[in-house]
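One-letter residues, chain by chain:
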Amino acid sequence: MPTALSLALGPISAAVPGSLYQQIVDAVKREIGAGRLAPGSALPSFRVLAEELLVSVITVKRAYEELEREGIIYRRQGLGTFVAEAGYSRTRAGLRANAEQAITQAIDAGRKAGMSNRELLQTFRDALKSVPGHDLSHRRTG
Amino acid sequence: MSEPAIVIQELRKSVSASFCFGPLSLSIPKGVICALIGPNGAGKTTLMNLVMGTSPADGGCARVFGCDVATATVEVKRLTALVSPEISYRAWVTVGKAIDFVSGFYPDWNPQRCTDLLRLLGLSRSERVDSLSLGGRVKLSLLLALARDVRLLLLDEPSIGLDPLARQQLYAELLAFMRDEERTVVISSHQLGELERCADYVAVVNEGQLVASGATPDLLARYTELDVLLGLDELTAHDGLHLLSRSGQRARVLWDRAEPRSCVSKANAKLQIIGERPLTLEELLVALVKSKSGIRWRPRFGAV
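Line by line, the protein sequences are chains A and D. Mapping of the first sequence onto our numbering: position 29 corresponds to residue 29, and the numbering continues sequentially without gaps. Mapping of the second sequence onto our numbering: position 188 corresponds to residue 1188, and the numbering continues sequentially without gaps.
Treat the hints with care, as some may be off.
Claimed, not checked - Here are the in silico distance ranges between beta carbons for each label pair:
hint, chain 1, residue 1, chain 2, residue 2, range
1, A, Q101, D, P1278, 20 to 26 Å
2, A, F82, D, G1104, 46 to 52 Å
3, D, D1130, A, E65, 47 to 53 Å
4, D, R1222, A, N98, 25 to 31 Å
5, A, E65, D, S1126, 55 to 61 Å
6, D, A1172, A, R75, 23 to 29 Å
7, D, S1126, A, N98, 55 to 61 Å
8, A, R75, D, G1104, 42 to 48 Å
Unchecked claim - Taking lysine to any residue pairs in the SDA-like style, the calculated list, with each CA pair at most 25 Å apart, reads:
hint, chain 1, residue 1, chain 2, residue 2
9, A, K129, A, G80
10, D, K1097, D, K1030
11, A, K61, D, R1197
12, A, K129, A, Q101
13, A, K61, D, T1280
14, D, K1030, D, S1247
15, D, K1030, A, K129
16, A, K61, D, A1258
17, A, K61, D, E1173
18, A, K112, D, G1214
19, D, K1030, D, A1221
20, A, K61, D, K1290
21, A, K61, D, I1274
22, A, K61, D, S1002
23, A, K61, D, A1212
24, D, K1290, D, A1017
25, A, K61, D, G1193
26, D, K1030, A, D26
27, D, K1077, D, S1126
28, A, K112, A, F82
29, D, K1030, A, E66
In case anyone wonders, no lab produced these hints; they're calculated from the structure. Source: prediction; values computed, not measured. Cβ atoms here follow ideal geometry from the backbone N, Cα and C, with glycine treated the same way.
My request is simple: use the sequences and hints to build the entire structure.
Structure representation (structure tokens):
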């Protein structure tokens, strides 16, 4: 029995930063990027997902349209909405681009604070040790 | 684009000596939950009654799925159900008798759905109508509407008297009702957080007039609040800005991006923008009503 998408995506909540629409986009990407939602999997219709997430149909529709524009999901008239073949790689590339951007911003903030490259590197090394989570390079799946 | 669910043209009604509704024109698409919002006495209930055809208009016209509400009264009542805490079912003594009476009128009544709704809403047929709480009366009204197979559901303040759990249940039922794309819901409520979350479309009314309408995300993207330093030139109505509050040269303004001659788009001496932030639906309603209610900035006013 596959996990209901609404449960995998949630909670879509006003208590979480970002618009509800952006939360849905990000959550779908997260699931696809983590390989939990494989290419070819069917997504629920707008109306079914809206009902399950207790959000307006237009919120889900706009989120799906955004994901479709990015080539992560596709729609087939009368059949439904599916995760695109390139969905996984595009999502991974997007997540990687986000990470690179965040690092660039961190460097920028460090420069503004007058930190040297050496201090920045040391801070980065310390952060790698202190932030929970493992180096995934040796156990890549798929 | 398919035909809208509701088309209102120049509709007006003189309600009392002090309140005149309209002329108001509004079109609500099919397949949406439309939030009808505005302050008390804005004309939300009047609008619903006019659409239902329960009170005749003085002028203009309203169509529900193409049927003129003034002439095709039976057809409109067959397609539409109204939910309101104002409707009294006291005359039927018990919930069960009210159900039996109302169901007799409608060929589209679904007894199985009615049984499910009784259980879901925690009502029982033997309960006395006059001992129901306000929330209980709303639930009964909701049950009598949802047990039918209507295409348009009008809900006038349905969340009054409902606890947070019951309100969540109400919205879950409305979203389930929307599974059929031919259906449309118009709902008025002051619980704007919930409406912002569940409504696809918003119509803002004030003093019997339509102030703004559109798809919820579009409307929320159209208006933002700016924190500004005012220059020496006065703001005019053509600047696309509405002053919300002011202290000295520092002011909060509502910026309507749809305004073609907005002075925000071009650098000028009128103001310097310090900050910008999006508005929630509740903040937008307050800002729109404040900005359109004739409050105009004059230098001598100080804080408005």
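Status of the hints after comparison with the structure:
{"no.": "1", "hint": "A:Q101 / D:P1278: 20 to 26 Å", "result": "holds (22 Å)"}
{"no.": "2", "hint": "A:F82 / D:G1104: 46 to 52 Å", "result": "holds (47 Å)"}
{"no.": "3", "hint": "D:D1130 / A:E65: 47 to 53 Å", "result": "holds (50 Å)"}
{"no.": "4", "hint": "D:R1222 / A:N98: 25 to 31 Å", "result": "holds (28 Å)"}
{"no.": "5", "hint": "A:E65 / D:S1126: 55 to 61 Å", "result": "violated (50 Å)"}
{"no.": "6", "hint": "D:A1172 / A:R75: 23 to 29 Å", "result": "holds (26 Å)"}
{"no.": "7", "hint": "D:S1126 / A:N98: 55 to 61 Å", "result": "holds (59 Å)"}
{"no.": "8", "hint": "A:R75 / D:G1104: 42 to 48 Å", "result": "holds (45 Å)"}
{"no.": "9", "hint": "A:K129 / A:G80", "result": "violated (44 Å)"}
{"no.": "10", "hint": "D:K1097 / D:K1030", "result": "violated (34 Å)"}
{"no.": "11", "hint": "A:K61 / D:R1197", "result": "holds (13 Å)"}
{"no.": "12", "hint": "A:K129 / A:Q101", "result": "holds (21 Å)"}
{"no.": "13", "hint": "A:K61 / D:T1280", "result": "holds (20 Å)"}
{"no.": "14", "hint": "D:K1030 / D:S1247", "result": "violated (45 Å)"}
{"no.": "15", "hint": "D:K1030 / A:K129", "result": "violated (55 Å)"}
{"no.": "16", "hint": "A:K61 / D:A1258", "result": "holds (23 Å)"}
{"no.": "17", "hint": "A:K61 / D:E1173", "result": "holds (19 Å)"}
{"no.": "18", "hint": "A:K112 / D:G1214", "result": "violated (43 Å)"}
{"no.": "19", "hint": "D:K1030 / D:A1221", "result": "holds (22 Å)"}
{"no.": "20", "hint": "A:K61 / D:K1290", "result": "violated (32 Å)"}
{"no.": "21", "hint": "A:K61 / D:I1274", "result": "violated (34 Å)"}
{"no.": "22", "hint": "A:K61 / D:S1002", "result": "holds (18 Å)"}
{"no.": "23", "hint": "A:K61 / D:A1212", "result": "holds (22 Å)"}
{"no.": "24", "hint": "D:K1290 / D:A1017", "result": "holds (24 Å)"}
{"no.": "25", "hint": "A:K61 / D:G1193", "result": "holds (20 Å)"}
{"no.": "26", "hint": "D:K1030 / A:D26", "result": "violated (29 Å)"}
{"no.": "27", "hint": "D:K1077 / D:S1126", "result": "violated (28 Å)"}
{"no.": "28", "hint": "A:K112 / A:F82", "result": "violated (45 Å)"}
{"no.": "29", "hint": "D:K1030 / A:E66", "result": "holds (23 Å)"}
Violated hints, in rising order: 5, 9, 10, 14, 15, 18, 20, 21, 26, 27, 28; the structure is consistent with all others.
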